[in-house]
Each structure stands twice: as C-alpha cells, then as structure tokens.
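**Q** Take a look at the letters that make up each chain.
Protein chains: 4
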Amino acid sequence: MHDTEFETRAAELIEAGRFIDGRGWVPATSGNFSARLGDGRIAITVSGRHKGRLRPEDIMLVDAAGRSLDGRKPSAETLLHTGIYRRYPEAHAVLHPHSPASTLLSRLVTGAVILEDYELLKALAGIDTHATRIVVPVFPNDQDIPRLALKIEEYLVRHDRVHAYIIAGHGFYTWGKSVADALRHVEALEYLFDLETRMHGVKR
Amino acid sequence: MHDTEFETRAAELIEAGRFIDGRGWVPATSGNFSARLGDGRIAITVSGRHKGRLRPEDIMLVDAAGRSLDGRKPSAETLLHTGIYRRYPEAHAVLHPHSPASTLLSRLVTGAVILEDYELLKALAGIDTHATRIVVPVFPNDQDIPRLALKIEEYLVRHDRVHAYIIAGHGFYTWGKSVADALRHVEALEYLFDLETRMHGVKR
Amino acid sequence: MHDTEFETRAAELIEAGRFIDGRGWVPATSGNFSARLGDGRIAITVSGRHKGRLRPEDIMLVDAAGRSLDGRKPSAETLLHTGIYRRYPEAHAVLHPHSPASTLLSRLVTGAVILEDYELLKALAGIDTHATRIVVPVFPNDQDIPRLALKIEEYLVRHDRVHAYIIAGHGFYTWGKSVADALRHVEALEYLFDLETRMHGVKR
Amino acid sequence: MHDTEFETRAAELIEAGRFIDGRGWVPATSGNFSARLGDGRIAITVSGRHKGRLRPEDIMLVDAAGRSLDGRKPSAETLLHTGIYRRYPEAHAVLHPHSPASTLLSRLVTGAVILEDYELLKALAGIDTHATRIVVPVFPNDQDIPRLALKIEEYLVRHDRVHAYIIAGHGFYTWGKSVADALRHVEALEYLFDLETRMHGVKR
Chain V
1 MHDTEFETRA AELIEAGRFI DGRGWVPATS GNFSARLGDG RIAITVSGRH KGRLRPEDIM
61 LVDAAGRSLD GRKPSAETLL HTGIYRRYPE AHAVLHPHSP ASTLLSRLVT GAVILEDYEL
121 LKALAGIDTH ATRIVVPVFP NDQDIPRLAL KIEEYLVRHD RVHAYIIAGH GFYTWGKSVA
181 DALRHVEALE YLFDLETRMH GVKR
Chain Z
1 MHDTEFETRA AELIEAGRFI DGRGWVPATS GNFSARLGDG RIAITVSGRH KGRLRPEDIM
61 LVDAAGRSLD GRKPSAETLL HTGIYRRYPE AHAVLHPHSP ASTLLSRLVT GAVILEDYEL
121 LKALAGIDTH ATRIVVPVFP NDQDIPRLAL KIEEYLVRHD RVHAYIIAGH GFYTWGKSVA
181 DALRHVEALE YLFDLETRMH GVKR
Chain C
1 MHDTEFETRA AELIEAGRFI DGRGWVPATS GNFSARLGDG RIAITVSGRH KGRLRPEDIM
61 LVDAAGRSLD GRKPSAETLL HTGIYRRYPE AHAVLHPHSP ASTLLSRLVT GAVILEDYEL
121 LKALAGIDTH ATRIVVPVFP NDQDIPRLAL KIEEYLVRHD RVHAYIIAGH GFYTWGKSVA
181 DALRHVEALE YLFDLETRMH GVKR
Chain L
1 MHDTEFETRA AELIEAGRFI DGRGWVPATS GNFSARLGDG RIAITVSGRH KGRLRPEDIM
61 LVDAAGRSLD GRKPSAETLL HTGIYRRYPE AHAVLHPHSP ASTLLSRLVT GAVILEDYEL
121 LKALAGIDTH ATRIVVPVFP NDQDIPRLAL KIEEYLVRHD RVHAYIIAGH GFYTWGKSVA
181 DALRHVEALE YLFDLETRMH GVKR
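Top to bottom, those sequences are chains V, Z, C and L.
Here the first sequence stands for residues 1 to 204, where the numbers follow the UniProt record's numbering.
Here the second sequence stands for residues 1 to 204, where the numbers follow the UniProt record's numbering.
Here the third sequence stands for residues 1 to 204, where the numbers follow the UniProt record's numbering.
Here the fourth sequence stands for residues 1 to 204, where the numbers follow the UniProt record's numbering.
It should be emphasised that the hints constitute simulated quantities derived from the structure, not laboratory data.
Check each hint, because a few of them may be wrong.
The list cannot tell twin chains apart, which means a pair is met if one copy fits it or any two copies do.
Stated by the list, open to error - No farther apart than 25 Å at their CA atoms in a straight line, the calculated lysine-lysine pairs in the DSS-like style are these:
1. K122 / K73
2. K122 / K151
3. K177 / K151
All chains, please: the whole structure from these sequences, using the hints.
**A** As structure tokens, then:
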C-alpha cells in the first residue's frame, strides 16, 4: 500500500530543500526539515544528508516523541522538531535553515532579535500590519539536545506569538500549517535578518 | 473570444516576476505588478501569490478605479497602481518589488533618496546624462491604503520628473510605457539603491 | 556569402554577455562589447540592447574609426572601443561591464585604483607574480564621448602595462587577444574590485 | 583498457568545479583540484583551465612526487597537493578554491584565522561540538612553490587537527577522504570565512 500523504510531504520537503540551498542557507550537511502527517507521525530528514540534494530515501518517519519508526537515524535535532509540534497543534511543518544572516546576527545581539516596522512581517501567520514588534529569541547553542529542547519548550510555553527562534551560531527554526507556509516564513525571516545584519554595518 | 492583449500583458508580468524573484527582490508573497490595457482596464496580480511563480490565473482585471472586474481580490495595494496610471497617462506598467536595498535605504535616509552622477540614471526614461539629480521620495508606510494613495498622488501631482518612490520598510514602485520599460527601471534603480546602501557602510 | 568570422565573434560576445549579466554586471541596458575581425572591421553591440539577452541581430559592424558599416547605430561609446584597438594592435576584444564594484570603487578612490599582492593579478596578460602593482586609472565620466575618448587615449599612450580603466560612476573597460581573454580579465578584475570595496567597509 | 577509477574521480572533480564556480569561488582560471587514486597516482587539473568548465581532458595524472605521468603540465601548485597527501595518508582529495572571503580575510588577520563557537565546525572531519577552536594558518604567498610547499609541510607536521590553510591573497586549501568530503569542507569553511569577514565590517 502506498503511503501517499508521506510521499507528498517528502516531495515538498525535497523541493523546499532545493530552494533553500539555492540561496545558500543550508551549507554542507547543515539544517533539517520535517512535516507532520495527519496521524501524528512526522516525516523528517535523515541525519547527515545534504539538504539541497535530498532524494525520497533521505526522508524517514519518527513518532511524536522522535523515535525512529523505520530503524534509520533521524536528524540529531529531532527533539526540537517534536517540541514545536507539541507546543503548536496547528503546525504541520518545521524548517531549520542554517542561514548566514541568522548565524551572524546571533553574534551581534544578546538574547533576542527585535523586528519591527517592516511590511514583510505581514508574511508571518497572524500579522496584519508592519506596526508590529516581533521578538525572535536567541538560545545559546548546546550539544545536549534534550536539555536544549526542554529549555526552548519552556520558553515557547510561556510566550505567545513566537514565530521563530535562533540558536546561537547555528541558524534558526520556524514552522507553519504547511511546508509552503513554513517556507514563506523562512524566506521572510532570512530577508529581515539580512537587513538587520546590514544595519549593524552601516553608518546612520 | 480570446482577450489577446490581456494574455500578452499577463505573460510579460509573469516573466518579469520570474526575473525579479531570481534576484531576491520579491521574497515570500511580497510585491505586486500591473499593466494597463488599451481600453483602460488594468491587469494586476491577485492578492497573496508568490511573484516569482505566477501562473496565468494569478493575474486578474480591475477597472481604472481599482474595482475587481472578475470577482477576485486584487493586491491590497491596487490603489497605488491606479493612482500612478491616473497621474501618468503614458504609463502602461507598474512594478513594485520589495527589494532589500530599497527597504534598507528607507531606514538610512529621511524623506528622500538622492541619486546623482551615475551613468545608469540614463536607463530612466527622459534622462540623457549622468549629470542629473534624481529625487526618489520616501513615504512612511501605512496600512490605510486609500490614505497612503492620496498622500502619494498629491506628491506626484506637485512634482515633475518623478521616476519612482519608496515606501519605508516596504520596497519601491516604478513605472514605464511598457512592462519592459518598467523592468529596466527596476533593474537600474535597485542597482543604484544597492550602491547607496553600500556607501553608508564604507569608510571614505 | 556567409561571414563566418563575424558570426563566430558575435556568438562569443552573446555568450560573454549572458555570463556577465548572470553575475549582475550589466544591469538594464548598460555595458557594451566588441571584437575586432582579421580585416580590421569591428563587431560591436547595437545601442540600447540588454547585454544579457543579445541575439545575433544585436551585433553590428563598424570600421576602425567607429563608422557604421551597415546603417545601424552602434553603442554611444564606440569611440572608446576604437581607441583601445588603435593603441593595442594585439587586442581583438573589448568588454565594458557596468559592474557594481567598479562603480562603487570609483566613488571611494581618487584618480586610480591600486591592486597589489593578489595572486589573481596573474590572470591579467603578462603578469606572472602577485608581487605586482597594477594601476587602474579612474577617469571622470563625460557625455562628450569624443572628448572622453581623446583624454583616455592620451593616457594610454603615455603609460605602459595598463590592463583596464574605470569611468567614474560608469563601470570599467578591459581588453584582450580574444573574447575569452578579455572575459578572463573581466572576471579577475571584478573580483579584485569587489574585495577592494569590501576593504573600505571593514575594520582592521 | 579503461582506467575506471581515474574516470570516476575526474568526473567528481569536474562536478565539484561546477559547484564551486557557481558560487563564485574560482574566478578566471584560478584554483586547482586533485584526487588520489588507490595506487597512489594523483588525478589533478591541468594548468590554466577554467575550473567551472572542466572537461575530462582537463584532468591529468601525476605521481606522488608531482611528476607528470602523461606529458602534460599540471597546475603550478601541484607540490602543495602532494605535500598534503604525504602528510595525511587518509586524504584522497584536495580542493583549492580561490574564494573572495578567504582572500579578504587573509588581509584582515595576521598569522591565522580562529574559528570557534560555530555549529558548522561539525562539518569538519572529527569535530563533534561547536565548542571547538579551529586554527586555520595563513601563509604569505610565494611564487617559489617548492619553498612554499616546504614551509607549509613543516607546519602541518608540527600541528595536529589542521583542516585547511589559507595562502594570503590567494584562497585556501582543504582536503578529505573523498571529493565529497573535501567539498563539504569547502562549503563549510567558505561560509565561516564569509561570516568572519562580515564580523570585521559590523558594529557590536
């Protein structure tokens, strides 16, 4: 029996990876992507693959707790994905690009990136005016993923209107109702992060 | 009966969108484009579509006052397009890229961007020497589009030789006798805006 | 009778234009390119065409004095091309990209750009060590092309080892024994100009 | 008899060159690439070819001492490749991009580039945490390649955990167990070098 929903989501993640890599946002084998299926299983990238050249066999299945359902090894950061899905029932896709602007920005600010007065903020779900102040928290990087996942989940539970977070020196995470939705967030956020880094380099 | 003129203009807008997106100037679903037909109707992008991946069904028709002629919802900023067509009878295309350089520049200057001594100014209609001083006004962003449209139209009526305007944090608008003409303006202006932002970042 | 040499050179210029435009170095309808044939006639781009989308009919013929041989109008800057061919008998191609880095650099330096200690200088004809000091003169822009051509020619006659020159706010000119040779110079010089502009923006 | 291993490695180097050139990291005819075969012979790029447009005949064979095995002239920097293979028995590919970021960085730092606290360091062989301090030595450029090779080899012998080195004004060298491995290093290092150059241009 074909698992059509899985195949459709996998194809969307592969295509998203090609787009994201074309912009230079998943260098080497960095980044990871996932989509949640209707039955709660999660399609996610296998560990160690180049995200711009994914093939169907590079997408695997895990359960809601991040346990492999097919014997293969998922991304080391699977628990960050499952934490996001737990917190946001409406989320059906999580994208983690390892983008230059978010990585650079995490070295220039402390604690959070503040985005305001940009029309493009309206590309984020639920925002309908540029006169908005979006806080993107920056968490210190940690190789202990369960510990990092817990810390992030505690933050997400205590805050509303979070659309993304940055891990210092490590890119950012964003999510959406669909892969297309999450990809729109990636494109808008990286654009805004890039402008913010350039603001640090300019004289006013 | 086929509406050949509409189809030709729609194809030109789709191709312009592909070019503009390839350069990174319409991230997410930002930007909007239009072309005025011989009978005064305006072909314009439907609200909320990705401008780099437009299909024929993503271009619709509105009248000179911006009212939908086919029941679909045009871009939220349709009134800015109709205002430009009203002011410039010779204009037959309006392009609004949401480009990084114009958005960044709107945060660095107050009131207007001044472009002078660039050979590429000759790419703008009616300019035949680099020894020209072009004023590109910067308007504050406003979610009340009728109010913003009125403010811009008042400016355009009182000033000659305006080739483009920037909306702060929101990209720029330019126009031309044809889609090709407007696209040449987009390419030249974004190039010059980019140099200007870089001038702010350099030591002299 | 087919003019095979002309067709071959025209095809090379078209391909060079596609490469140069892909990098963003001939925005709008800027830039112009030429190649000298064995009999002294010069194949050159017709005025006003987009250099990234040239077709065979966009390349025309002029004589060594820059006079049209086929009734069409050559680039406004044809006399700069013929001046280079007059000064350098071995030159058989001239490329003029309107690149951002050379245009920006012309606003940051006075009189000349000095390139030294770059391995890539060896990409220039006759240079075999990075321990070289290359002077790229910057001339003020001038819409009076015969006057500008004369001024440049006087400089070229009085100086040896000139590989390129910049016109302020207007891009640069370089040349070579073949289109491939001139294109290698374009690629190397734009790379070095870009690094130089970035040196102006960094703290040491 | 077909030399299948040579052909496979040559095809990988050609493809790597296309990728590297697409990012702008081997302008003009700069850069050079090699792969070591099972029998110790080394497939290496012929001198003077454009690395983004390599054909099978642009890859030749040298022995472990860098002597041509087929009468053609290998890259002028062949001795740097053979020195790396001598020092690292597990290395089977060496890539030398002439990238803008590494070239610019070599003008901003003295002696070495220090990379630390970047998640992407984990893309380097043997690194499993961002909490790592990687030293990338910068050697002065030298047209006397045997002398430069000797100096570098002395450094490599005396230091452990070297993943790459920069030659000032001349790009960088990195290596790996396979062409794919070395290419992953190229992608990760150029990303990090680029962030480092941008750190020099920003205010904190």
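**Q** Since the copies are identical, ignore which copy is meant and state whether K122 and K151 lie within 25 Å (CA to CA) inside a copy, between copies, both or neither.
**A** between (28 Å within a copy, 22 Å between copies)
**Q** As a check of your reading, is K122 near K73 (CA-CA no more than 25 Å) within one copy, between copies, both or neither?
**A** between (37 Å within a copy, 17 Å between copies)
**Q** At most 25 Å between alpha carbons: which applies to K177 and K151, within, between, both or neither?
**A** This pair counts as within: shortest intra-copy Cα distance 24 Å, inter-copy 37 Å.
Consistency note: the structure conflicts with none of the earlier hints.
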